[in-house]
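Starting from the known structure of chain V, arrange chain W on it as the hints suggest.
Read top to bottom, the protein sequences are chains V and W. If you're matching positions, the first sequence starts at 1 in the working numbering and goes up one per residue. If you're matching positions, the second sequence starts at 1001 in the working numbering and goes up one per residue.
Derived from the structure by calculation, the hints contain no laboratory data. These numbers come from a predicted model, not from an experiment. Warning: the hint list may mix true and false statements.
Claimed, not checked - DSS-like cross-link-like pairs, simulated, lysine-lysine; straight-line CA separation at most 25 Å:
1. W:K1183 / W:K1202
2. V:K70 / V:K22
3. W:K1217 / W:K1180
4. V:K70 / V:K49
5. W:K1217 / V:K49
6. V:K134 / W:K1145
7. V:K70 / W:K1236
8. W:K1186 / W:K1199
9. W:K1235 / V:K74
10. V:K5 / V:K18
11. V:K252 / V:K225
12. W:K1241 / V:K134
13. V:K173 / W:K1180
14. V:K5 / V:K29
15. W:K1217 / V:K18
16. W:K1145 / W:K1244
17. W:K1235 / V:K70
18. V:K183 / V:K29
19. W:K1199 / W:K1180
20. V:K18 / V:K70
21. W:K1244 / V:K134
22. W:K1236 / V:K74
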Amino acid sequence: MIDAKNITFTYDEEEPKKYVLKGLDLHIKRGSFVAVLGHNGSGKSTLAKTFNGILLPSGGTVYVAGMDTKDETKIFDIRSTAGMVFQNPDNQMVAAIVEDEVAFAPENLGVEPSEIRRRVDECLETVNMSEFAKSSPSRLSGGQKQRIAIAAVLAMEPECIILDEPTAMLDPKGRSEVIKTIKELNKSRNMTVVLITHFMEEAAIADRVVVMNHGRIEMDDTPSKIFSQVEKIKELGLDVPQVTELVFELKKQGIDLPSDIITIEECHRAILEKLKKGTKND
Amino acid sequence: MFKDITIGQYVDGNSVIHRMDARVKILLSILYIILLFVIDSIALYAVFGVFTAFLVIISRVPFKYIIKGLKPMLYILIFTAVINLFVTGGETVLWQSSLWKGLKITKEGLTIAVQMVLRLVFLVIGTSLLTLTTTPIMLTDGIEKLLKPLDAVKVPSHEIAMMMTIAIRFIPTLSEETEKIIKAQKARGADFESGNIIKRTKAMVPILVPLFISAFKRADDLAIAMDSRCYNSGKKRTRMKQMKMTWIDAAASGVMIAFSVFVIIIQRF
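Chain V on its own, in the form it takes in the complex (with noise of 0.2 Å):
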C-alpha cells in the first residue's frame, strides 16, 4: 500500500545536521493497522506528511499503490488513495454546516452532485454521526468532530487512512469514540489505517507498532512483542500500556506472567490463573 524507501527528510536543506528523517524504509501492507510511536521530535508526524505528498522527501522516494509521491500529476490520486486526518478537530474544518464538510472532498474531485450525496449519507453513517448531518461544527464535542473529520477523508474512498495524534487534544471519553471508529473501520471494511500517536494503549491495538527515534525505525513489531521490552522502550523516552507495566513489575517480584500481555483482560486472565494456582499449591 505504503512502500517508503530509504527516505530523508529536512526543513532546511542547508543545515545537514538538521535531518527530521534520517534515511527509513517502511513498507504498510493493505489492509493492515500500523501505530507509529515515538517521542515529540522523533519525526512521526514529518514521516506522516510525506505519506500523501504534503511533504516531499529531500531524498529516497514514496509510493503510495505504485504511485510516486513526487509525480505532480499524480497528486490528488494520491491524497484521496491516502486520506490524511490531523490533529487539531478545529482546524481542519473548512464548512460551517456537518454534511458540507463531508462533501468537501468529493466536491474538490468533481464527483457528480448525485454520487456526494449518497457518500456523505453512507460515510456519516459509518461513523455514526447521521443525525447531526445538519448541525454546525462548533456545537459538536471534540470526538464528534474528529469523526466528521474521518467522515470527511472516508468520502473520498482512500483505500487508506492516515491519522496523525487524531486523539491527543481530547477527552478520555472521545478518544475511545475516535479509536473504536478506526478500529471499526480497519476490521470491517479492511481500509489500511496508520495511526501516529503517543498513547500506548492505542497503539496496543494495532497489529503492527513502529517505534521511531531521532528519525530512524527503532523497533518495528507486534504490539506484544513491542511492549514486553519494557526497558528499552523507556529508554526511548516512551511509556508502556499500564497493564503491561503491572506485569513487568510483578515479574521483577519473581511471579512468573508471560511477558507479551497487553490487554486489560488478558492481565486479568493471567493473574487470575496465577491466583487459583498458587492457592492449590499452598
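Okay, now just chain W, sitting in the frame of chain V:
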C-alpha cells in the same frame, strides 16, 4: 457570551421568501434598492410602504427583528432628517427662526427630509429581509453563482466565496478563543473595564496578539487539511447542493417586476 452570536441574523422559517433561491433573492433585492432611488413622490413612498409591509408579512419574520435592524440606524436617521430639513432651500417658508434668518424650514426641505428618512428605512428593511430569510451559506453560494460570469474578467468568484465560507466557519471558533484569552489575561490581573477609552483600547493589545498568532497557526493547519482533501481552487469542482429555481422564484420575480413596472410608469407621468 460569544457562543450564540450568529453571523448575519438568519431567522429560521419555511415561508415563501425563505424557500426562494438565494440568487433570485439577491437580484430582486438589488432591484428593490434601485426602485427605491428612482421614486420621489410621497404617494409612491406610501405604495412602497404597503409593498414592503406585504413582504414582511409573507416572510413571517417576527416584527421585532425588523425593528432590531432599524435601531442602530436611529442616529443616522435623525441626522439625515435634521440636515435635510434645515439645509434644503425653497420658496415656501413654513417656519423661520426669529433669532437668525438663515435658520428656516421650507416645504421643499420638509419633503426631502421625509423622503430621505423613508428611503433609508425601506433600504434597511429590504436588505435585512434578505439576510433574515437566507442562511449565510446560501448567501455565499448565491454570490458565488452570481459572480461566476465575471470569471471572464478575472474576478476570482470561487475564491471570494471560499473566503466568506471559511470566515463564517471560524467566527464561533475565534470568538471562543477570544473569550479564553480574555479569561487568561484577567487571571493574570489584566484590566479591561476601567480607565478612559485610550487606556481600554491599549488593554486590547494583549488579547489581539495571541489571537492573531493562533489565527495564523489555524490558517496554516487548515491549508494543509484542504490540500490533503485535494482542494484545487474551483477547477472542475462540483457541488453537492445544486441550486434549483422553482415556481416560487418565477412567481416572486413576476410580482417584483410587475411592481417595478407599475412604480416606474406612475413615476413617469
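Cross-check of the supplied hints:
1. W:K1183 / W:K1202: Holds - the C-alpha atoms of W:K1202 and W:K1183 are around 17 Å apart, at most 25 Å.
2. V:K70 / V:K22: holds, 19 Å
3. W:K1217 / W:K1180: holds, 17 Å
4. V:K70 / V:K49: Satisfied, since the Cα-Cα distance of roughly 13 Å is no more than 25 Å.
5. W:K1217 / V:K49: holds, 17 Å
6. V:K134 / W:K1145: Since the Cα atoms of V:K134 and W:K1145 sit roughly 22 Å apart, the hinted pair holds (cutoff 25 Å).
7. V:K70 / W:K1236: holds, 23 Å
8. W:K1186 / W:K1199: holds, 15 Å
9. W:K1235 / V:K74: Answer holds: W:K1235 to V:K74 is near 16 Å, not above 25 Å.
10. V:K5 / V:K18: holds, 20 Å
11. V:K252 / V:K225: holds, 18 Å
12. W:K1241 / V:K134: holds, 13 Å
13. V:K173 / W:K1180: OK: V:K173 and W:K1180 at ~23 Å, within 25 Å.
14. V:K5 / V:K29: holds, 14 Å
15. W:K1217 / V:K18: holds, 23 Å
16. W:K1145 / W:K1244: Holds, because 12 Å separates the two Cα atoms, which is no more than 25 Å.
17. W:K1235 / V:K70: holds, 21 Å
18. V:K183 / V:K29: holds, 16 Å
19. W:K1199 / W:K1180: holds, 21 Å
20. V:K18 / V:K70: holds, 22 Å
21. W:K1244 / V:K134: holds, 19 Å
22. W:K1236 / V:K74: Distance ~16 Å between W:K1236 and V:K74 Cα, so the pair holds.
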